[in-house]
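*Asks:* Residue strings, one per chain:
2 protein chains.
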Amino acid sequence: MEYNLALIGFGNVGQGLAEILSKKASLLRDQFNADIRIIAICDLYKGSIADPNGLDPQALLDHINEKNDLKEFPAPYKDWDARETIENSGANVLVELSFTDLKTGEPALSHMIQALTSGINVSTTNKGPAALHFQKLLELSKTYGGEIGVEGTVMSGTPTLKLGIHMLAAAGVNRIQGILNGTTNYIIGKMESGAEYADALKDAQIKGYAEADPAGDVDGHDAAAKIVILANLVMGQSMTMEDVSCVGIRELTRDQIQSAKTKNQRWKLIGTLENINGQIQGSVKPIKLDVTHPLYGVSAATNAITYSTDLLGDITLIGPGAGRIETGYAIIGDILSFLH
Amino acid sequence: MEYNLALIGFGNVGQGLAEILSKKASLLRDQFNADIRIIAICDLYKGSIADPNGLDPQALLDHINEKNDLKEFPAPYKDWDARETIENSGANVLVELSFTDLKTGEPALSHMIQALTSGINVSTTNKGPAALHFQKLLELSKTYGGEIGVEGTVMSGTPTLKLGIHMLAAAGVNRIQGILNGTTNYIIGKMESGAEYADALKDAQIKGYAEADPAGDVDGHDAAAKIVILANLVMGQSMTMEDVSCVGIRELTRDQIQSAKTKNQRWKLIGTLENINGQIQGSVKPIKLDVTHPLYGVSAATNAITYSTDLLGDITLIGPGAGRIETGYAIIGDILSFLH
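Top to bottom, those sequences are chains A and B. So for the first sequence, this note's numbering puts the first residue at 1; every next one is plus one. So for the second sequence, this note's numbering puts the first residue at 1001; every next one is plus one.
Since the hints were made in silico from the structure, they are not lab data. Hints are not guaranteed to be accurate.
Once the Cα atoms are required to be at most 30 Å apart in a straight line, the calculated DSSO-like pairs of lysine-lysine come out as [claimed, not checked]:
{"id": "1", "chain 1": "B", "residue 1": "1190", "chain 2": "A", "residue 2": "263"}
{"id": "2", "chain 1": "B", "residue 1": "1263", "chain 2": "B", "residue 2": "1202"}
{"id": "3", "chain 1": "A", "residue 1": "190", "chain 2": "B", "residue 2": "1263"}
{"id": "4", "chain 1": "B", "residue 1": "1261", "chain 2": "A", "residue 2": "190"}
{"id": "5", "chain 1": "B", "residue 1": "1263", "chain 2": "A", "residue 2": "261"}
{"id": "6", "chain 1": "A", "residue 1": "288", "chain 2": "B", "residue 2": "1263"}
{"id": "7", "chain 1": "A", "residue 1": "288", "chain 2": "B", "residue 2": "1288"}
To give an idea of the chain B side of the interface with chain A (calculated C-beta under 7 Å), a few residues [to be verified]:
{"id": "8", "residue": "1159"}
{"id": "9", "residue": "1162"}
{"id": "10", "residue": "1167"}
{"id": "11", "residue": "1170"}
{"id": "12", "residue": "1313"}
{"id": "13", "residue": "1316"}
{"id": "14", "residue": "1318"}
{"id": "15", "residue": "1320"}
{"id": "16", "residue": "1325"}
{"id": "17", "residue": "1329"}
{"id": "18", "residue": "1332"}
Because the structure is a prediction, the values reported are computed rather than measured. Backbone N, C-alpha and C fix where the C-beta goes; we use that ideal spot for every residue, glycine too.
Please construct the entire structure, taking both the sequences and the accompanying hints into account.
*Replies:* What follows is the structure, encoded as structure tokens:
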């Protein structure tokens, strides 16, 4: 099967995907019968290029490394905006990697609606549309026949959603608890080692984990978006961002963290979905975990999730929560699942 | 899709499967379009019965609880042996749950060959045929069109093989390490709490974790069989039981375990597949883990596996390693995967 990708956005994740394709394209062809090529890229800052015969992924990366944009990259079509890219490129997969907006989901949402309405498959790592409008996107997918994959919105390429949706559905998932934001887990780890919050945050920013405005991470909104996605996709809810009670880590002090440490306990920013009085309720807040808790040992930027199920008890999955290659892999996983 | 099951063996796992079907049949029908019915049971000791219209799973369990066998259970066909059951029952899924033999794989192997040669799907939790003759079974599956599922042979219903084979294949699994035997993990835990080996073993036998002859567990053969299955199914090897260097827990002393504990370390019986000088080598042996190791916190009869991958780094899955319902769920998982 041939997959011709149009990438909207060519930042870290897009470049990670290109790197995977430059190394693994023949393995994907031989082992999975998946011929995956990038045929168009549209990036607000780096420029837009398209070639129906395929853009060489290694050449794209070399060009970006040298010039920091794609404006002079040789290609028969240039300067299409996102709408034109989706309409004209001939892609059968839209890879939506533009910036995340947790209020409106735009502009990613419009790109995805346009693609799905044309029967084009969509894979995204963008939490906005997945958290805010998944039901609508799913309906378009069913109506027009394009598939939609959002594995990379939770725990990057760790197959968290596939585990919850496909492998555990018949086991009856009744509770979900997870460390879903690597940046805050990294900051808390630094504070366990003795750093003050401000220094730990600065360190996370230098390492590229936290953004200049860290609010999305440290106030818990990023984890809350993932909780909404898990609620709606794994537990069949109709949850919105407003339904999640959300407390971040700004109020957590080094003293609290150090004092817990002396009792063999660890503070973690935990997202939870649980049945309270017959209703699934979502929350994000710092919780002090005992050493016996399955999420106790999850350190640094690693993420983890525990699905509590009727038939299997607790199933815990631990893996990377971010990273260019790791998140790029989520797109590959989505595309391979389109094959079924 | 209609799945008519013939169960060879009706011990703990078969009864767990019946319990799941008695509670979840309509959910499986509505949510997965899978109409799963038991139409034949053949058990060496409990008797053999068959009814092409289906055997009520709750009635089977009630009868077993009262009479301890199925000889008087009302059914139009009785006393078929395994061969006759597979041939005459009209089943399109053989659920092979007879006893495990890690030397020959028999009699399960013959049952599975008979079924696959007739194009009948096979699901099994029996490690013998999966560890010794998987390649042959896979060839029969391809030639005659019946599917084969062996999820329950490793970590019971925890979707370990599906994760490794389907979700992580493109990520490049280069190393596997796991706590694959719950009985020995339970015994070691008791020794951490102060028990001598003999008392810990006796406790495991009373709880039903260890058998009267505990050799299969405590000498590491059970874990070694799982290592062979993982090597061949996830890493594409042609490994045999003889290829796995295998040391059990009999020589592990309470003093060693207690002394490790004072240094915040834990002994675990660890199965490993790793590349040594260009070859994938398998081993089972007690290893002392530091607190930072992803398998450090896995206690009691819980199992866990870490897949090390080229693209995602380490992915760890923790879940039940045994249990009647948990292992019965593996059969359900296999059948649902036949739908794809």
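*Asks:* All the hints need checking, so say for each whether the structure fits it.
*Replies:* Hint check:
| no. | hint | result |
| --- | --- | --- |
| 1 | B:1190 <-> A:263 | holds, 23 Å |
| 2 | B:1263 <-> B:1202 | holds, 28 Å |
| 3 | A:190 <-> B:1263 | holds, 23 Å |
| 4 | B:1261 <-> A:190 | holds, 26 Å |
| 5 | B:1263 <-> A:261 | holds, 17 Å |
| 6 | A:288 <-> B:1263 | holds, 24 Å |
| 7 | A:288 <-> B:1288 | holds, 27 Å |
| 8 | 1159 | holds, 4 Å |
| 9 | 1162 | holds, 6 Å |
| 10 | 1167 | holds, 4 Å |
| 11 | 1170 | holds, 5 Å |
| 12 | 1313 | holds, 6 Å |
| 13 | 1316 | holds, 4 Å |
| 14 | 1318 | holds, 4 Å |
| 15 | 1320 | holds, 6 Å |
| 16 | 1325 | holds, 6 Å |
| 17 | 1329 | holds, 5 Å |
| 18 | 1332 | holds, 5 Å |
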